[in-house]
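Visitor: Chain by chain, the residues:
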Amino acid sequence: SAVISQKPSRDICQRGTSLTIQCQVDSQVTMMFWYRQQPGQSLTLIATANQGSEATYESGFVIDKFPISRPNLTFSTLTVSNMSPEDSSIYLCSVTRTGGASGELFFGEGSRLTVL
Amino acid sequence: KNQVEQSPQSLIILEGKNCTLQCNYTVSPFSNLRWYKQDTGRGPVSLTIMTFSENTKSNGRYTATLDADTKQSSLHITASQLSDSASYICVVSVQTGANNLFFGTGTRLTVIP
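Residue numbers (this note's numbering), protein chains in the order written: chain A, 2 to 117; chain B, 884 to 996.
Quick caveat, the hints were computed from the structure, so don't treat them as lab data. Beta carbons: idealized from backbone N, C-alpha and C, even for Gly. Incorrect hints may appear among the rest.
[To be verified] Listed next, the stretches of chain B that the computed footprint assigns to chain A, with coverage defined by at least 3 CB atoms under 8 Å from CB atoms of chain A:
| hint | region |
| --- | --- |
| 1 | 935-948 |
| 2 | 986-992 |
[What the hints assert, rightly or not] Among chain A residues calculated to face chain B with C-beta under 8 Å, some are:
| hint | residue |
| --- | --- |
| 3 | Arg37 |
| 4 | Pro40 |
| 5 | Gln42 |
| 6 | Leu44 |
| 7 | Pro86 |
| 8 | Ser89 |
| 9 | Glu105 |
| 10 | Phe108 |
| 11 | Val116 |
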């Protein structure tokens with residue numbers, strides 16, 4: 002398994018501000034991902050965080066809105082920029098060690114963001 | 884179109900009773916199917932993962948089944964406990980593509996005393 006720590010666990014933010022969420026893993030992992038889970042919805046992949054290079058974003062998500070860093074194999078950050086109430090969601094960090102479709106996927110506890 | 888559909892959307896059962904949650908998928912080419920449990924305010928936790936060749940897998944009181952021909956899976960919970968109250972999410976993987984995981988919207992289970 003993998004122990005994943007996310008900070009903050011929750012926050013309430015004002016419209017127009019930005020928030021950075023941190024994800025720390027207890028050991029090196031192959032791949033790190035950021036997901037969004039809007040109220041009552043399923044998980045949606047935002048991007049794959051690549052170590053030492055730009056993240057790979059899914060359709061509908063852009064770097065200007067969700068800049069991601071991954072300086073090493075155990076740490077990543079996701080920033081939600083210029084927030085609006087529509088950004089209110091749970092943001093989840095997830096990791097896999099082996100990669101590929103068969104890799105076990107572990108999730109952090111999530112960061113619950115409320116934008117006023 | 885790759886989709887994962889779960890039913891029911893929500894379910895309320897009495898403590899000690901059994902229940903079965905359903906997952907139908909149209910994902911192709913299929914790689915594996917996973918069931919996750921997500922407690923309120925927590926991240927999802929893996930219960931089972933099944934490949935094409937597996938048709939049943941158990942994890943304690945949780946038993947998952949897979950029919951790859953009909954593209955259906957079920958999660959059976961035996962002798963439910965209050966702590967089973969959570970959302971249960973079905974996730975199907977495809978063998979190709981960068982975004983190779985497809986998530987169901989989950990079944991919200993509430994176990995009442």
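Visitor: A separate judgement is required for each hint: does it hold in the structure or not?
Guide: A quick look at each hint next to the structure:
1. 935-948: This one is violated; 0 residues, fewer than the three required, reach chain A with a Cβ under 8 Å.
2. 986-992: It holds: at least three residues are needed, and the region 986-992 of chain B offers 4 whose Cβ sits within less than 8 Å of chain A.
3. Arg37: This interface hint is violated because 11 Å lies over the 8 Å limit.
4. Pro40: violated (12 Å)
5. Gln42: With a minimum Cβ separation of about 6 Å from chain B (threshold 8 Å), the hint on Gln42/A holds.
6. Leu44: Holds - the Cβ of Leu44/A comes within 8 Å of chain B, reaching about 5 Å at its closest.
7. Pro86: At 20 Å from the nearest chain B Cβ, Pro86/A fails the 8 Å test, so the hint is violated.
8. Ser89: Because about 15 Å separates Ser89/A from the closest Cβ in chain B, which is outside the 8 Å limit, the hint is violated.
9. Glu105: Because about 7 Å separates Glu105/A from the closest Cβ in chain B, which is inside the 8 Å limit, the hint holds.
10. Phe108: Check passed: Cβ of Phe108/A comes within 4 Å of chain B, closer than 8 Å.
11. Val116: violated (18 Å)
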